[in-house]
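In terms of my numbering, the sequence shown opens at residue 29 and continues consecutively.
Keep in mind that the hints were calculated from the coordinates and are not lab data. This structure is a prediction, so every number in the text was calculated from the model and none was measured. Note that CB positions come from ideal geometry on N, CA and C, so glycine has one too. Heads up, some of the hints might be wrong.
Claimed, not checked - Straight-line alpha carbon distances no greater than 30 Å define the calculated DSS-like cross-link-like pairs of lysine-lysine that follow:
id: 1; residue 1: Lys147; residue 2: Lys60
id: 2; residue 1: Lys60; residue 2: Lys153
id: 3; residue 1: Lys84; residue 2: Lys147
id: 4; residue 1: Lys84; residue 2: Lys60
id: 5; residue 1: Lys153; residue 2: Lys84
Claimed, not checked - Cβ-Cβ distance ranges computed for the label pairs, FRET-style:
id: 6; residue 1: Ser162; residue 2: Ala96; range: 30 to 38 Å
id: 7; residue 1: Pro97; residue 2: Gly70; range: 35 to 43 Å
id: 8; residue 1: Lys153; residue 2: Arg119; range: 16 to 24 Å
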Amino acid sequence: GSKSTNAIAFGRGGGQLAIGREDGTVTLWDVKADRAIVEPTGDGRFRVTLDVSARKLRADSIGTETEAPMNDLVEVGVYPAGDGAPLYLQRHRIVTGRQTITVIVPQRPAAAGIDPLGKLIQREKGDNMVEVQSPGATP
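Take these sequences, add in the hints, and give me the full structure.
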């Protein structure tokens with residue numbers, strides 16, 4: 029049967045740090061932004077196509093990891109150049125494996141990614157964001 033969540037720890041600002049389960053495991057995520065392409069829509073807005081890969085793991089008390097099916101809501105963000113507010117920040121249903129997410133934003137973006145605010149507990153956070161490229165650019 030399915031094991032229920034026993035504890036959830038949150039950091040300052042509501043960022044999720046860890047999920048502990050009845051079976052003594054901790055849930056970890058591995059989400060990565062592979063590339064982001066931007067194209068004008070013709071009406072002043074921009075279409076961003078973001079390729080991501082994702083998986084979820086459960087680690088037991090001695091560090092043994094087991095892959096678990098992923099079917100989770102994860103934030104996707106698109107950002108302008110500089111330190112401006114996100115052009116887009118919404119949760120999307122993310123499953124195990126590679127997938128493509130397409131969104132429309134009101135101005136040309138500079139970066140896009142998955143879990144941009146770092147709410148998921150991951151070993152590698154440096155691969156969540158990528159620079160947005162024009163079509164035909166080498167990833």
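Structure-based check of all given hints:
1. Lys147 to Lys60: Cα-Cα ~14 Å, so holds.
2. Lys60 to Lys153: holds, 8 Å
3. Lys84 to Lys147: Holds - the C-alpha atoms of Lys147 and Lys84 are around 14 Å apart, at most 30 Å.
4. Lys84 to Lys60: Holds, at about 12 Å.
5. Lys153 to Lys84: holds, 14 Å
6. Ser162 to Ala96: 30 to 38 Å: holds, 37 Å
7. Pro97 to Gly70: 35 to 43 Å: Holds: the Cβ-Cβ distance is about 39 Å, inside 35 to 43 Å.
8. Lys153 to Arg119: 16 to 24 Å: For Arg119 against Lys153, whose Cβ atoms are near 18 Å apart, the range 16 to 24 Å holds.
In this structure, every one of the numbered hints holds.
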